[in-house]
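> Taken in sequence, the protein lines are chains A, B, C and D.
At position 77 of the first sequence the residue is numbered 408 (my numbering), and the sequence of numbers has no breaks.
At position 158 of the second sequence the residue is numbered 489 (my numbering), and the sequence of numbers has no breaks.
At position 97 of the third sequence the residue is numbered 428 (my numbering), and the sequence of numbers has no breaks.
At position 322 of the fourth sequence the residue is numbered 653 (my numbering), and the sequence of numbers has no breaks.
I should point out that these hints are in silico values taken from the structure, not numbers from a laboratory.
One or more of the hints may lead you astray.
Since the list can't tell identical chains apart, any single copy or any two copies may satisfy a pair.
As a list, the in silico SDA-like pairs of lysine to any residue whose alpha-carbon atoms are at most 20 Å apart [stated by the list, open to error]: (1) LYS560 <-> ASP581; (2) LYS560 <-> LEU613; (3) LYS464 <-> GLY344; (4) LYS464 <-> ALA591.
Number of protein chains: 4
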Amino acid sequence: MAEELGVAVIGAGRMGGFHVTAWEDLPAARLIALADPDEEAAGARIGRRPIAWDADWRATLERADVDAVAVAAPTELHAQITLAALEAGKHVLVEKPIAASVPDALRMAAAARDAGRKLMVGHVERFNPAVAKVAELLAEGRAGRVFRIEAVRVGPLPARITDAGVALDLATHDLDIMQHVLGREITRVYAEGSRFTHASQEDLLTCLLQFGADGPFGLLDVNWLTPEKRRELTVLGEAGMLRASYLTQDVWFVESATTATGWDELALVRGDAEGSVMRFSLRKVEPLRAEIEAFVRCVLDDTPEPVSAYDGARALAAALAMRESASQRRAVELLAMPGAPV
Amino acid sequence: MAEELGVAVIGAGRMGGFHVTAWEDLPAARLIALADPDEEAAGARIGRRPIAWDADWRATLERADVDAVAVAAPTELHAQITLAALEAGKHVLVEKPIAASVPDALRMAAAARDAGRKLMVGHVERFNPAVAKVAELLAEGRAGRVFRIEAVRVGPLPARITDAGVALDLATHDLDIMQHVLGREITRVYAEGSRFTHASQEDLLTCLLQFGADGPFGLLDVNWLTPEKRRELTVLGEAGMLRASYLTQDVWFVESATTATGWDELALVRGDAEGSVMRFSLRKVEPLRAEIEAFVRCVLDDTPEPVSAYDGARALAAALAMRESASQRRAVELLAMPGAPV
Amino acid sequence: MAEELGVAVIGAGRMGGFHVTAWEDLPAARLIALADPDEEAAGARIGRRPIAWDADWRATLERADVDAVAVAAPTELHAQITLAALEAGKHVLVEKPIAASVPDALRMAAAARDAGRKLMVGHVERFNPAVAKVAELLAEGRAGRVFRIEAVRVGPLPARITDAGVALDLATHDLDIMQHVLGREITRVYAEGSRFTHASQEDLLTCLLQFGADGPFGLLDVNWLTPEKRRELTVLGEAGMLRASYLTQDVWFVESATTATGWDELALVRGDAEGSVMRFSLRKVEPLRAEIEAFVRCVLDDTPEPVSAYDGARALAAALAMRESASQRRAVELLAMPGAPV
Amino acid sequence: MAEELGVAVIGAGRMGGFHVTAWEDLPAARLIALADPDEEAAGARIGRRPIAWDADWRATLERADVDAVAVAAPTELHAQITLAALEAGKHVLVEKPIAASVPDALRMAAAARDAGRKLMVGHVERFNPAVAKVAELLAEGRAGRVFRIEAVRVGPLPARITDAGVALDLATHDLDIMQHVLGREITRVYAEGSRFTHASQEDLLTCLLQFGADGPFGLLDVNWLTPEKRRELTVLGEAGMLRASYLTQDVWFVESATTATGWDELALVRGDAEGSVMRFSLRKVEPLRAEIEAFVRCVLDDTPEPVSAYDGARALAAALAMRESASQRRAVELLAMPGAPV
């Protein structure tokens, strides 16, 4: 393989467009082709850059100078394209959710192992510096014993056509991140919510989660109905509360109360006691850019993928369980997945 | 009865102290006595004002110039004191929760009816102008079809000794308000949480609620572990989101998105579309003051109590169900209570 | 003098009302009388407490059991009442501004010295824990070299009748605090603003200030026109920015930027670099309560007043200079005042 | 001229880089060349796009297919390049500030008129939808009589090398916008501030401004020392306060107080009265993109430039007066400029 990785992007939707921009800016790779049946959409993404257009992704897989593909096609095609790409000897970065079903995801994992090629799942929030900081602070014990982890991913429905509801499109992000920062698997989910205004998919799910056998519990709210965009991760522990905004990449620590308030009228509004508050200074980076850099590195250095197919399968399984719980109105238990959460 | 209502406060804890101050400022009433076994506590509340101290609340009930009592004693004593007061011919304003058990609450309701005396429950948030505004806006249909109602009542544990966990002490507030503003009863609850750092009581409960047979669902988070005080009510509907702060009494309406953003980079942080946002201009008042004024009015005018014993029983039943659900790890169905929510 | 200080409050306006409440709660003092020509106003402040009402403050000064008076009368009467009280052998806590003119203020200072009585000025923000924290952090060098100090004291006009415009009523607070926390006197002011909607007084002044010969400069904005209440003190220095809210008593330190942002699109909204942010944990207290406690202490212990008449004169002189600068549209230089700022 | 405007960008610094991206995305134009002596900088901006690199901007002006140039070179070169470009028959979009001196700016204006070519100044905030909304609301009289206009443009110093201090680099933005939205010229400035930490340029200026003979006054704060990025425009008027964030493009209206607060303790923190608050729903766009679209339109339709050279000269004159006032420590009067503010 050349020092410069030859790359193709499959899918020219919104996510595919972000990939084109990100890959073009990466010195370690060369973007060779963009595959999409829609010529106009592909053309708009390509602009005047020297990138080939393939109407059929199968043609892309035949290109000898393509070492790796980034799969940004509709979720239903993830398994088919990924399996074909691995068979063609390509490394694959597949967008989340890894696939439409857990068996498909496990088949993809096996195929990558058999082909000796990398298969990484594009859980882009893993490359958000705010998430890394939360993980680091938790590992340090900053929050003390953890009681609850909470994620909120809400905001108006993007105009793009969606091939998935909030479980697959939104919740998979946080289900992966929560398992990742806690280092524990989700064992049980109970969700409420359904399709309210979306044409075909559920658009609001609120979910209580259990981590491990006796771990902390979780709260996850994902929807396309809240009129203000918020994407936050909050960990409540004995020593205080960590809060990260996925959007601004700010990470705050609110220490548990240490100082009682000596003024009752102010306490009515501000609380009976307080601790200190800290926002950390972080180097902020574009998560997608960091994700594709990490993918290129694991390919060039032949190191394990930072987000494995099993991670992707684990997030998918929990998302599907949320959907099932909400529609059947009962708690759903989750089976253990191969490979511990990373 | 004289034009000026003779009143006694039973209990000189923090809540009793608030009552003393509020009653002393009310022209329509005269505060005659404060009952509490702890002379020092009572003395501190009374200061130099001409208010009698009774070590035993039974003595207070014998005072002929006392027309009504405000019961701010520990919850376990609510039923006993209230029943004795009604028997002594006094009107009763009992702090929330109405009692420690639903049968006690129903007994109190029956006793008031038999005695022909008023029995009002001190669900103070009913007298919060922000709650009244939310109820009015919902009635007008401002939020459109309602999908979810959410309440958050969190903050550091007050230093006062608590005779109840978060279910009885905190959740009863919002369980009452949610039923009140929606005009529907809670039919089912599923809660997670338990005792984490409190000496004896559960200190965090997060709960999913069902209203009516097919009504909106609810989310309630109450705890003494979050290091920042927040007390908010949020209603998410098709036309937008109503949000009230119980503390500052601000009420906001965030309209559902009407205008798509034309700048992708800004949309990453701020969302793909937005509507307008409105904060209403409200006359803010101290809820406890408004509550005792409403109590005096219903006594003097012989009109129905604005918060009935059945309302109190309904909030109590839901709070006990939350506790049961969290400890048994299953959804709990609620039976219908006499009297529709007001 | 008895161990318990006998006190009278002169003036039953809003400020006098706050004094009555605060003095009644103070164990080390006994509130004996409230003087005001308006019997109804005085009665409303007194309630059922055993406090005498004097229609004429001269009668109050004749009371033998009154050791000290708190002067909360209109500003024009401050000098007359204070001089008479000192002559009657009383200690005096006079509300800010100390007087209506600098010569009056200096006369009051001299009279107190001659009488051997305490004369303290009620610059209540000196007793705000947030101000003390800012002063402490500045002394420690937390902000590094100071470039600018800024104060904002704005919000809707209170309904009470005002006998002064924003220069005397609002600006005196911050002019005192700025000199206090920097330990330097104001030497020059340039102000814009005037009377916009008030019936008789200037209601908006924005002012640039010079501290010392070569000190930092200042920015002060005081008005009754901004529809949102804000009262903040901000110090911008080489190492970062200190910000205190007088209202919530929060103190923040925003460190100067240390970490460059690696994401240009986010930098558009959030800046090219950032440092850490810290909110300190403070014991919050009611400033007026702390002020009268400090006054009682300096009387009982015979220690210097924590806010001297010269401090009061210094703040007054700067406030009058603001008014002069705005009306004459030129910078105004200030003469040195006896006694360094404390 | 072809339907597609042939364009070159002169200068490959940060601003030049933004221009390259923006022009490449514009269907109505074709970006032909980027001129900069630094080949590496130019190469980084161009990427793999088919854009020529000219080491010398004089060569760019000789390109027959270049109809217009965007001048993003250092300010000292603006006049020289613009005059040469106009002489070569090119239309010119010159970045702000228009030039390093007012006489240069006036010479450029005259040259454009003589050459019959467009000369527009890149005051990009004119194309910020939030500014347009403020102008529209002011024209409608929403704020009532205007008392004060205030702009804040502060934040950490960008890493790029700067050829100008805050007066030319930052203040010119707001000086133009303030004159634009009020429709009145600045007649007088008084500024404090200087160079604090920057190697060679003033890095903080705080300025009081007078608009027209008797107009509202203004407050402008520009610096590279405040550790948090803020860019806001606030107009305080009799009916309320308009506030726009240049960054998020939010526009708020805070109505003057209409409703008195009935709770004194809350009023301590929140004010004695309040009005309603409104955030408008706006279509947000990237200002630079809107600016170059407006430039292309005025060239293709032969309509007046939306930001004229006189507008640029007027903002420059006020910025230079700020610098002069701060260094000489006196108010500076401004002469009238040809052409009323647009």
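> Tell me the hint numbers this structure goes against, listed in increasing order.
Hint 3 contradicted; others consistent.
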